[in-house]
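Chains as they are written, first to last, in this note's numbering: chain L, 1 to 162; chain H, 1 to 94; chain C, 1 to 133; chain F, 1 to 520; chain V, 1 to 127; chain A, 1 to 265.
In case anyone wonders, no lab produced these hints; they're calculated from the structure. Ideal Cβ positions, reconstructed from N, Cα and C, are used throughout, including at glycine. Treat each hint with caution, since some may be false.
To be verified - Below, in silico cross-link-like pairs of lysine-lysine (PhoX-like), each with a Cα-Cα straight-line distance of 25 Å or less:
1. L/128 with V/121
2. V/114 with H/85
3. A/211 with H/89
4. F/170 with C/28
5. A/119 with V/121
6. V/108 with L/128
Claimed, not checked - For each label pair, taking beta carbons as the anchor points, the in silico distance ranges come out as:
7. V/39 with F/161: 40 to 46 Å
8. L/28 with F/49: 43 to 49 Å
9. C/32 with V/12: 52 to 58 Å
10. C/73 with F/514: 37 to 43 Å
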Amino acid sequence: MRRYIVLFIFYFIIYLLLSGGTYFTDVFFAAVVAAIASALTAKLLVRNEEKLELRRLYYLLKYFFRYMLVDEIRAHIDVARRVLTGEIRPGIVAVPYYVGSDYAKTLIANSITNTPGTVVVGIDDREKLMYVHWIDVKALDPSTCRMYISRVFEEYAMKIFE
Amino acid sequence: MNTSWFLSLYIPVITCVFIAAITLYMYRILRGPTIPDMVLGIDCMSYDLAVFIALVSLYYDTSFLIIGSLMISLWAFMFDVYISKYYLKKELGD
Amino acid sequence: MLSWILVLYVYLTLFVTGGIAVYGVVAKRNIVKKIIALTIFNDAVNTVAIFIGYRLIPRPLPPIMPTIHPNRQIYSAFISSSVDPLPQALVITAIVIGVAVTCFLAFLAIRLYDRFGTTDYQEIKRLVRGGKR
Amino acid sequence: MVPAVDPLLGLVVLVLALGGFTTPLISRLSRNRYAVRTYPLIYCAASLAMASLIMEHVWVAGEPVVYLLGGWRPPVGILYIADGLSALLGVVTSLVMLLIMIYSTGYLEGSGREYTYYSLMLLLEAGMLGCIYTGDVFHLFVMLEVTSLSAYALVAYIRDKREALYASYKYAIYGGLATTIYFLAVLFIYGGVGSLTIGDIHLRMAAYMSRYARPVFLCGLVFTILSFTAFLYKAAVFPLHFWLPDAHPEAPSPVSAALSGLVVNIGVYGIVRFAYTIYHGLPDPGLYSLSLMITGGLGCLSSLVGAVLMASYKDVKRIIASSTIMNIGFMMMGYSTGSPLGIAASTLHLMNHSFAKSLAFLSSGVLIKSAGSRVLERLRGLGRALRYAGIPFAISLLSLAGVPLFNVFVSEYLLAASFIHTGKWVFLCFFMASYIISTIVYLRILYEVCLKTPAAPTTHRSGREWIPVAAMLTALSITCIITGILSGYIISKIIMPASQCLYTNTEYLETVKKYLLNIH
Amino acid sequence: MIRMLGEIIQQIVFGIGVCLVTIGAVFDLLAALGLVRFPCFYVRMHAATIGVIGGAVVPLIGVSLISLVSDQLGPYRFMFAGISFFTALLIMITAPVGTHILANAAHKLDLSPKEPIIVDKMGEDKR
Amino acid sequence: MRRGISRSSLVIVSLALALSLILVYFAAMGGLGGHPSASIVGIGQFIVNNTYNVFNRTYWAGSPEAVTSIIWDYRGFDTIFETTVLFAAVMAALLLVPGGIRGRIQGSGKDEGLTLIVKTASKIISCIVVVLALNLALRGYISPGGGFAGGSSYAIAPLLLIAGLSVFYLVRLGYRLSRAIGLRTLGLVGLVVVSSLPLLYMGYIIQNQAKPGSMFPGYPVFLGPLYLGGSLIYMNVFEFLVVSMEFIIIFIAMFLLDRGCGGSA
């Protein structure tokens with residue numbers, strides 16, 4: 001039941017974002033659409049509804065702001081400098097991960113890719129490795145690479161999805 | 001708050017910067033030695049165009065053009081996925 | 001004068017595109033390229049339509065009233081700056097029809113490739129004629 | 001409500017479309033395979049009834065009847081309007097379609113995809129009736145597309161046959177080009193005149209011509225060239241006829257009958273409607289004479305080319321299909337004389353050709369199915385073995401050959417008379433040349449198929465299946481003979497009023513003017 | 001009093017929006033420069049990331065903030081702001097996935113040269 | 001050699017056609033509204049003036065979106081038959097598919113699809129796209145969009161699922177051919193019913209608002225606090241249903257065709 005309510009709110013907010021929500025009509029149709037869409041997609045998106053807690057939403061928001069304000073800015077400035085100077089040491093390194101759920105893996109991979117300087121090229125589910133193209137290879141050893149690239153993301157991903 | 005006087009000065013300037021960037025992307029698309037380079041250029045240009053459309057609709061004081069930027073960004077994603085799918089399926093010999 | 005040159009430029013571009021697309025439909029040998037040329041022609045014509053409905057004023061607006069509770073002022077601003085909606089509506093209809101025709105042709109092209117083993121129109125023609133005599 | 005506003009005009013198309021939409025569902029819901037065959041017949045019968053009622057209403061009212069879709073008056077909304085010619089064509093179309101559909105229930109083998117056939121046939125009819133009844137250039141485009149797409153698909157109905165796929169592709173790719181060119185024409189006329197209703201275009205052109213003679217003329221010139229390209233393609237007139245000898249024979253026989261007997265009429269109808277309703281009676285007669293010149297010149301060439309193509313093929317269905325090119329050429333020549341007699345003769349020929357040509361395709365379909373081949377030698381003597389198809393085939397051939405007592409003879413005689421009457425000796429020469437060639441070919445087929453002794457014993461079809469086939473063949477043969485015998489009556493009662501109304505378009509224009517919304 | 005406070009907040013929001021758009025424009029130009037200057041496809045991807053996050057997401061959020069306080073957009077300005085913010089979020093989800101799968105395909109099929117490269121763990125494992 | 005000559009002549013012919021068209025058109029422009037000018041001519045201005053004229057509702061369509069009001073009200077019959085064209089194309093597609101409507105899609109599709117990241121992302125995005133598409137369709141009479149735009153945006157969802165996962169996944173989700181055909185018929189019948197309902201009240205086919213000469217009072221534009229825009233909303237919803245289902249049928253049929261042809265070529 002909980003997943004229906006959570007997804008209802010999620011879709012309701014999306015619909016209102018898209019329509020502006022200035023008229024009562026929009027709110028009404030937002031409710032209708034959210035009800036339909038949550039009924040259709042709840043089983044697809046949420047497998048274990050015990051995990052849906054408010055605490056995780058808090059971590060998600062905290063992570064979002066931290067990510068945008070700290071990691072992104074640092075990486076942007078770094079790569080922008082490299083664009084102008086042209087000094088690069090590119091390479092593909094292996095980064096291990098320890099999370100289990102698909103959403104957590106996707107969050108980590110997307111965070112890595114969204115940070116300029118690192119792009120996930122491949123993911124090996126069996127060895128639990130992500131292959132990351134790194135513009136400035138500082139280390140070859142997987143665990144050191146993890147320290148540089150994905151440790152923070154993974155901590156938050158653990159908190160949010162595990 | 002009426003901001004149109006400022007925007008009507010500000011947006012043309014900013015738009016010029018975006019057009020310059022689009023020109024550079026265009027160079028990469030036309031030149032791009034390999035296909036992934038072209039796709040990358042097209043991607044970047046699509047996202048740029050999304051911003052461009054948003055700025056233009058701000059300039060014309062209308063809310064109805066903005067939906068175009070949403071569609072363009074979705075389209076760019078589809079484009080990536082399908083190009084990659086095409087090559088990856090070709091590798092399988094299908 | 002400037003607007004006239006602009007209009008001329010747009011029409012010239014569109015018609016040359018259309019002419020090349022017609023040439024492509026007629027002269028290309030690959031059946032898929034013929035279909036692509038047809039869609040290009042459709043798009044050129046649709047752009048002509050949009051352009052016919054355009055309005056040469058400093059800030060033309062889309063033909064949508066900005067509120068559902070308009071007053072006189074909004075209403076008169078709307079009717080004096082909105083572009084012609086009719087060609088846009090015609091174009092939407094034409095686009096759907098174009099999609100339908102392209103979809104059918106795409107299925108047909110796949111079928112043709114399956115049955116003939118080639119995408120060359122002349123070759124297909126030769127095979128058909130050869131089967132007859 | 002104004003009495004002349006007739007909801008049947010809009011309803012007939014909508015009902016047919018509804019039939020097309022629901023046929024696939026019926027085939028899934030019902031396990032009984034007769035359900036999917038009989039269900040579309042209801043819609044066909046209903047459309048015939050409605051078309052006949054429309055014709056009666058036109059008769060009773062004595063002027064064109066109209067329907068305002070959505071209640072919008074002409075230049076704003078879509079106008080459906082039926083004058084004598086439209087009403088006649090509507091009845092002919094729905095009648096022949098009904099006969100073809102009943103025939104199909106016996107002719108087609110039961111396969112898993114019959115429902116697509118019936119659905120598309122209903123849509124084909126809906127599209128044709130829409131083209132005939134509409135009074136709006138853009139709606140004509142949409143309806144033309146409905147017709148064309150159904151036709152392309154039906155040509156490819158036998159999807160494992162390579163020739164069918166090739167023919168369908170050829171028909172569709174150039175057809176798509178032609179209809180898009182027509183859309184361009186619509187845009188030009190909207191940009192130039194600012195209206196989409198056929199009658200209103202005439203009125204506006206006439207009004208503008210006093211002030212801007214040259215621009216209006218040039219706008220009309222572009223419109224004529226572009227729109228006639230599309231219609232000439234649909235009507236398979238000479239330079240754009242190349243798809244027809246491939247497309248028409250490759251379809252199943254009932255589809256060939258519908259395409260060759262009815263769909264090409266739409267192209268002719270479009271040309272005639274534009275030439276006579278839009279251009280006739282403008283202050284500057286340049287556009288009118290230009291459109292008649294195009295029509296007449298291409299009609300001459302088309303008739304000769306059709307006749308020569310007929311003589312060059314060995315395939316029976318191809319020969320009959322090529323004769324369509326020739327007959328369309330005759331009609332174009334008749335319409336381009338610009339005289340009431342020529343228009344009447346062509347209209348009569350349109351009707352007679354529809355009956356005779358569909359009969360020829362339907363009856364040859366039975367023979368071809370039994371022989372397993374379309375080549376003339378393989379069909380030798382089959383007409384004698386299969387009497388129920390052979391006799392109708394002979395009747396259709398005699399009729400198409402222009403033998404007296406049959407219907408096509410009357411219209412061809414009238415056509416020749418109109419050429420003499422208007423002094424178009426060139427037309428007469430082309431007409432006689434193609435007539436003689438075609439008659440020789442027809443009589444040769446008749447001799448080979450129906451008079452020679454059979455080469456090998458043939459397999460008769462058994463079971464109840466052939467009952468609708470034979471019944472429909474008989475019905476069409478009787479129609480051919482009766483329209484031949486009663487031609488005097490038909491001409492005076494139906495054809496003359498229709499062609500008169502077409503020739504002097506004042507009635508049509510008055511009707512449109514009555515409903516015109518005054519927008520400035 | 002409250003009205004003045006509202007006015008000030010609006011001006012601050014507007015200022016932030018304009019700043020974000022300007023930053024976005026600068027980053028976009030840098031990204032385009034990087035896309036031209038960098039030597040191979042894999043390195044160019046990093047420049048493209050700047051173009052996506054700095055050059056598209058950030059200015060779209062800026063545009064959404066600007067539109068939120070622009071009265072001349074009429075009653076649909078919330079829709080404007082909502083859609084541009086939503087587009088920014090959508091780009092944040094989709095763009096990395098697109099880049100990733102493109103890089104994946106390019107690497108698996110050797111569509112572009114990898115040089116210069118220091119280490120290729122993925123290629124080693126493949127072999 | 002001969003082919004080369006004919007080709008170049010074709011180029012010349014088509015270019016000459018295009019150029020002559022331009023010239024003729026520019027000659028034709030003088031004084032008429034063919035080329036963009038500062039004002040609109042003919043029907044366009046009438047529609048702009050009247051589509052949401054709350055001061056004089058004789059000719060209004062009840063929608064501030066002029067394009068949608070043309071599509072479903074002023075020229076609604078065009079759009080119904082445009083949908084018919086799409087329907088015919090899909091019927092033709094099903095006709096060409098070996099196995100046709102009863103073709104079965106079986107298999108697991110485990111090894112198909114792209115990497116795990118794409119799979120997860122395409123699931124999320126396709127769910128969001130459903131809301132987006134419904135938004136476009138439902139608000140078609142207030143802002144740009146409408147049935148066709150909504151339906152074709154909805155088609156992104158199955159496309160993404162096909163690319164990221166596989167057709168088998170799509171089928172397991174419930175996107176079955178028979179179900180799609182049923183829903184499409186429902187939408188089409190809905191369109192016909194909405195457009196012919198006014199006939200029962202002695203109105204016109206596809207009538208939206210009250211008209212002189214018709215007893216039909218018009219579909220409600222305001223229903224209490226709700227703003228519905230007359231018949232436009234029902235039309236948009238049914239069109240959305242039709243178009244989205246037709247796209248799904250096309251994708252599944254394309255897959256069937258691909259597989260059906262793969263072996264025999």
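Would you say the C-beta atoms of residue 39 of chain V and residue 161 of chain F sit inside 40 to 46 Å of each other? This hint is violated: roughly 56 Å between Cβ atoms.
Measuring from beta carbon to beta carbon, are residue 32 of chain C and residue 12 of chain V in 52 to 58 Å? holds, 56 Å
So the hint says 37 to 43 Å: do the beta-carbon atoms of residue 73 of chain C and residue 514 of chain F match that? Cβ of residue 73 of chain C to Cβ of residue 514 of chain F: about 38 Å, so the range 37 to 43 Å holds.
Outcome of range test on Cβ distance (residue 28 of chain L, residue 49 of chain F; 43 to 49 Å): holds, 45 Å
Please work out if residue 170 of chain F and residue 28 of chain C have their alpha carbons no farther apart than 25 Å. holds, 13 Å
Does residue 128 of chain L pair with residue 121 of chain V here, judged by a C-alpha cut-off of 25 Å? holds, 14 Å
Would the pair residue 108 of chain V and residue 128 of chain L pass a check requiring their Cα atoms to be no farther apart than 25 Å? Answer holds: residue 108 of chain V to residue 128 of chain L is near 19 Å, not above 25 Å.
Checking one constraint from the list: CA of residue 114 of chain V to CA of residue 85 of chain H, max 25 Å. Satisfied? Roughly 21 Å separates the two Cα atoms, so the pair holds.
When you check the alpha-carbon spacing of residue 119 of chain A and residue 121 of chain V, does it fall within 25 Å? With Cα atoms ~24 Å apart, residue 119 of chain A and residue 121 of chain V stay inside 25 Å; holds.
Holds or violated: residue 211 of chain A and residue 89 of chain H, Cα atoms, limit 25 Å. Roughly 58 Å separates the two Cα atoms, so the pair is violated.
Checked against the numbered hints above, the structure violates hints 3, 7; every other hint is satisfied.
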